[in-house]
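Taken in sequence, the protein lines are chains W and F. For the first sequence, the numbering used here gives the first residue as 1, with consecutive numbering after it. For the second sequence, the numbering used here gives the first residue as 1, with consecutive numbering after it.
Treat the hints with care, since some could be wrong.
Under the rule of at most 20 Å between Cα atoms (straight-line distance), these lysine to any residue pairs were calculated in the SDA-like manner [said to hold, decoys possible]:
{"hint": "1", "chain 1": "F", "residue 1": "K156", "chain 2": "W", "residue 2": "A74"}
{"hint": "2", "chain 1": "F", "residue 1": "K156", "chain 2": "W", "residue 2": "R165"}
{"hint": "3", "chain 1": "F", "residue 1": "K156", "chain 2": "W", "residue 2": "E181"}
{"hint": "4", "chain 1": "W", "residue 1": "K89", "chain 2": "F", "residue 2": "R89"}
{"hint": "5", "chain 1": "F", "residue 1": "K156", "chain 2": "W", "residue 2": "A161"}
{"hint": "6", "chain 1": "W", "residue 1": "K89", "chain 2": "F", "residue 2": "R91"}
{"hint": "7", "chain 1": "W", "residue 1": "K125", "chain 2": "W", "residue 2": "F37"}
{"hint": "8", "chain 1": "F", "residue 1": "K30", "chain 2": "F", "residue 2": "L177"}
Please keep in mind that the hints were generated in silico from the structure rather than gathered at the bench.
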Amino acid sequence: MAIDTFIFVLISGIVLGGLYALMAVGLSVVWTTLDVFNFAHGAFVALGAYVAWQISQSAPGPAGFALAAALSVAFMFAFGFCLHFGIIKPFERSPNIVLLAVITTLAASSIIENGIQLVWGPREKQIDPNIDMRVDFGGVAIAGIDLLSLAVALLALAGLAVFLRRSATGRAMRAAAQNREAAELMGFNVAFLFAIAFGIAAATAALAGVFIGSLRFINPSFGADPLMKSLIVVIFGGVAQFTSPIYAAFIIGIVEAFSIYFLGLYWAPAVLFALMIAVLMIKPEGLFGNRQKTL
Amino acid sequence: MTGELLQLSSLSGGYPPVSVFRNVDLTIGKGEAVGLFGPNGHGKTTLLKTVAGLIDPWDGEIRFDGRRLNAEGVMAARISKHLNYDLFRRRRIQARDVVRAGLIYVMQGNLLFPEMTVDEVLHIAPSASRGRSGVSEMQSLVRDLFPRLRERRHSKIRYLSGGERQMVSIAVGLLALPRLLILDEPTLGLSPKLRLELSEAIARIRDAQVPLLVVDQNVEFLTSLVDRLYLFDHGSITSEIDKAHMPSHDEIMTMLFGSAP
Ligand SMILES: Nc1ncnc2c1ncn2[C@@H]1O[C@H](COP(=O)(O)OP(=O)(O)OP(=O)(O)O)[C@@H](O)[C@H]1O
Ligand SMILES: [Mg+2]
């Protein structure tokens, strides 16, 4: 393997890792706060991408792309916030909420997918970010949009970490995640905080969707693959800390890039699943996990 | 004294379908410190959790400063194997309203937020009292009462000892500027030294004019602390004792169990 090929594969793995981190963090924020697994996460990615595509149709140029991304993220935050009250909140005091949430989030996912199909049709689309710049890395030219997606993903993750660790609302959210009763006794509106968590998950999914939609073609059901990848990342890394799925995402991204290079597109998922099963056997709480599950 | 601070009238509740306490009448006047004493497992915590709004009362009334905190009427006991009525049932009391009214409950054996640091927890604690006057005075009282928390401010709650965790819980309650502070077994499971330290802190909280309702298994501590004592047995209040007639440990045992052990 020539050194420039190596650098190219490595960088594309890291770029992939940034997107996976963005998606997996959304999944793990919901899992750690609401205690439910959100099967609609992939549909959030897809809807976010389509909303951005729609806006970018009437807003040209790189500024239009930025506007489309921002509006899509804001829209998806509101969407997730409201959706929580429809599909999670009614069951919060039910003893079998985990199972009920599997069903309601799967239902939401299917409704969103079909809604996308209804509105935008089944034909594949691609968001044009209008960024033709290329950056040279030791003789390897990397597309500007790749680097932009990595930078934005890292910034968004850092922003989210600061929000959770430093802001009063973020701290209240972590408190509600760790001990719901104690948070209620401090006067917090736990349902509102949970809705914010769901909104944040949808917003990060949308941001990932915007970049996926500008790197490859999208169709109404393309969210299934991101959902699968985030699932692998979350299981692989564990959710002991905000950062554990992030590390895992970069490892998975790099492993995937190299497997695609060496084994081809069809075998790459098998490698990831084998890796995930190995981790499940050796360290079931995830590579960076402990038995705690916190935000 | 015009009007009572807390007034429970024939309050009943429990964990459906199990009834835990029945027809509880209890009043706390403004500026009073009141004790609640009773055997383990007879429903004191359940009663207090109900008052705090964590579980729904079945029947009766919770009034705080003249305002009714729970919904009117009797909770319909609809339990079905086939239908999930919980989906449609509205809460009959909201912890948020209770806290906002100034009734602060410090839970028994509160684990708080295991992965947050002491500082983070104390930072979000005054959320219920934000904007009210007296926050900074309370902050300095808390600093005075629990100097140990300052030393441990960067530790996660998970790594605190039981006594330190109890201190954080009480501090969190105080920072909400309680108009009535309910402490549920604050000295449970502590070493004698820490027990003494916490008892002294609680006496100082009383001296700072914070109305108190304290549950504790230590009769001597309780009788020295409070103005009035309620005895609680099998889910009901069985007697009410004034400061002037505060009985000894043995007398209380006789009242509760018939004969001194
Ligand atoms: N979450 C729950 N679900 C069902 N029953 C419960 C629950 N919590 C407590 N109980 C039962 O309610 C009864 C009263 O318990 P509670 O904790 O209120 O008593 P307590 O007087 O506070 O006891 P202690 O002095 O040990 O704290 C007990 O029989 C207990 O088993
Ligand atoms: Mg108790």
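Quick rundown of the hints versus the structure:
The suggested pairing of K156/F with A74/W is violated, with an alpha-carbon distance near 34 Å, which exceeds 20 Å. With a CA separation close to 13 Å, the supplied pair K156/F and R165/W stays within the 20 Å bound. With a C-alpha separation of about 19 Å, the suggested pair K156/F and E181/W falls inside the 20 Å cut-off, and the hint holds. Proximity of K89/W to R89/F is assessed by CA-CA distance (about 13 Å); at most 20 Å being required, the pair is judged to hold.
Under the criterion of a C-alpha separation no larger than 20 Å, the hint pairing K156/F with A161/W is consistent with the structure, at around 17 Å. At most 20 Å may separate the alpha-carbon atoms for a hinted pair to count; K89/W and R91/F meet this at roughly 13 Å. Between the alpha carbons of K125/W and F37/W the distance comes to roughly 29 Å, so the proposed pair goes past 20 Å and is violated. For the proposed pair K30/F and L177/F, the alpha carbon gap of about 15 Å is at most 20 Å, so the pair holds.
In the structure shown, a violation is registered for the earlier hints numbered 1 and 7, in ascending order.
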